[in-house]
Amino acid sequence: MPETHLLAPGLTAEDVQFVSPALARSTKEVVMDRLWNRPELSRRDRGLITVAALIGRSQTLAMPHYFEKALDSGVKVSELSEIILHLAFYSGFPNAMAAVGAARDVFHKRGINANELPPAHDKLLQLNEEAETQRATQVANNFGAVSPGLVQNTTDLLFRDLWLRPALTPRDRSVVTIAALIASGQVQQITYHLNRALDNGLSQEQASEIPTHLAFYVGWPNCFSALPVIKDVFEKRKEY
Amino acid sequence: MPETHLLAPGLTAEDVQFVSPALARSTKEVVMDRLWNRPELSRRDRGLITVAALIGRSQTLAMPHYFEKALDSGVKVSELSEIILHLAFYSGFPNAMAAVGAARDVFHKRGINANELPPAHDKLLQLNEEAETQRATQVANNFGAVSPGLVQNTTDLLFRDLWLRPALTPRDRSVVTIAALIASGQVQQITYHLNRALDNGLSQEQASEIPTHLAFYVGWPNCFSALPVIKDVFEKRKEY
Amino acid sequence: MPETHLLAPGLTAEDVQFVSPALARSTKEVVMDRLWNRPELSRRDRGLITVAALIGRSQTLAMPHYFEKALDSGVKVSELSEIILHLAFYSGFPNAMAAVGAARDVFHKRGINANELPPAHDKLLQLNEEAETQRATQVANNFGAVSPGLVQNTTDLLFRDLWLRPALTPRDRSVVTIAALIASGQVQQITYHLNRALDNGLSQEQASEIPTHLAFYVGWPNCFSALPVIKDVFEKRKEY
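Protein chains in written order, with numbering that gives the first Met the number 0: chain A, 0 to 239; chain B, 0 to 239; chain C, 0 to 239.
Bound-form chain A, shown alone (with noise of 0.2 Å):
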């Protein structure tokens, strides 16, 4: 079982097996051979998903062995970075700096140069003006007069700056971000970035597949949580 030996720095599959069993075998069967293999959702969309829950739990003992398995699964080096960063603003600027330790490492494990990493300052994808109009309205009438600063910020640091940097498609920064939201509870904000998300070209089926995934990473109740609100958008989706 060499992938349960790099679960954490410090624990072997010897230490998985010796306290439990049968939590050596469901994490060899049923996760690693099984849940990573199933058709709904690809190895990449898996990597993607669990090292969004992972920062955004702040699960650092698990970080090494899932950046790296990430990456192996098709995850660029220049996405992970750029995930860490949409997390910062997503989970929180230190859930960031503690996948910055992990990151770290494996990184210089791969040779990888700064180069290789998206800048400080990047090109901009084109912003739909229209629909980013239309949110940033509903959002003033909304909460403008309860937080004006973070109004103000959303617009200007979220949805007119990282939304819009390429280093991650539309389509990945919205799995990403609903992966962050299920891991911790936050179905209040899945309607928002669930309908993103499917605009940005996830499908149903995908969508379907987080949940089933994202339980062995956070946990049945955090998942049965969102199912309603899930449940909520594909059937308004259908209306139109």
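Nothing false has been slipped in among the hints.
Copies of the same chain look alike in the list, so a pair counts if it works inside one copy or between any two.
Think about it this way: if two alpha-carbon atoms lie no more than 20 Å apart in a straight line, the pair counts; the simulated EDC-like pairs of lysine to aspartate or glutamate are:
id, residue 1, residue 2
1, K75, D121
2, K108, D71
3, K122, E28
4, K27, D155
5, K27, D121
6, K75, D104
Simulated from the structure, these hints should not be mistaken for laboratory data.
Keep in mind the model is a prediction, meaning the values are calculated, not measured.
Fit chains B and C to the given chain A structure using the hints.
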């Protein structure tokens, strides 16, 4: 204060006394001397729910002290092993893996042998087919189309396998599950699991004491947010 | 960038720059230079809420840097000690213990003496009996039968002891409490504590800036989920 000596690796009772004398006093007088001796829950039950709360929140620093305390309070080694497996599914595999590291050290210190731990495949308890079919049907009707993989795994891995493993009684599994739900703010999932716990032999008085105890381990707000749901369960059951 | 040098043990500014140049830039330009200097909240208040958010989320890696920053921004050592005590109750004793380790090192580095810290038993501020009786009656009516132990402890340990300790003003206790609630997604408990904060001298403009600041430390979603509750409190208070 030998107990606070072990509160976390590298953290002595003198450190707590130095940084906050009031915190040292509350830990000793309010939590260790008074809370753990309240008769509404046995010390063994307090061990179960404290350990579950720490695993549910990945509080690795406090695990060694409380794993020892749980074992000293009547929780069996095989039960602690099984709690870690149970919470792999209810809190996430990374949480379980973080607990494995702490459990390994405690088990080694006590000279535990591998044959004292529950096997990977165990003879299962008898299933209540009627109740399980009813549960599965209801979940499938609600969410079968939203996330078919998660719904199927819930049946196959949780209710027709994990919950039937004999290393932990159904009542204790329910107690551990409820503690993890309160610890992580998952109030939506409490209704089903509290009813299941009361069906499985938890008394209402014991259920009432769970938030009293957990408030010290997961914070007052998580427990207060659980109270309306617990109240609702108690009241609905009176109607029958 | 000496500031990011201290962001976490073992993590240098060069590491952040290497893994994500954009994260290094945002940390310096957006968070340190701009956010911390916005006039809507003092740097001292930003120190209070950042420290509370980190303790509430057990972000131990970032604690040393921000404990220092809070002290450099006008938070007193005795206040930091008392915040840790306060959050033992509002975020859990394990979170407080994790903070003790970081605080001990910072206090030692600054040559703090034990007599500068709030004593275990302190002379209490005068209680507003009428307001407290009203609060206690309402909570007892709602939840006295659901969890009598928790309801009694809330009165005895929190509102007739902790909140009356003079080491932290009631206004600052409210600020710290609200920050911890937003940081851990406990929106249900914000209504009571925001009203209390506004009664205790927090201005509405300051309250509005708390989510603006915290978004960078606990992620946008936690703050956006708090906005409807904050809005509701603001609107209800206008009606009187």
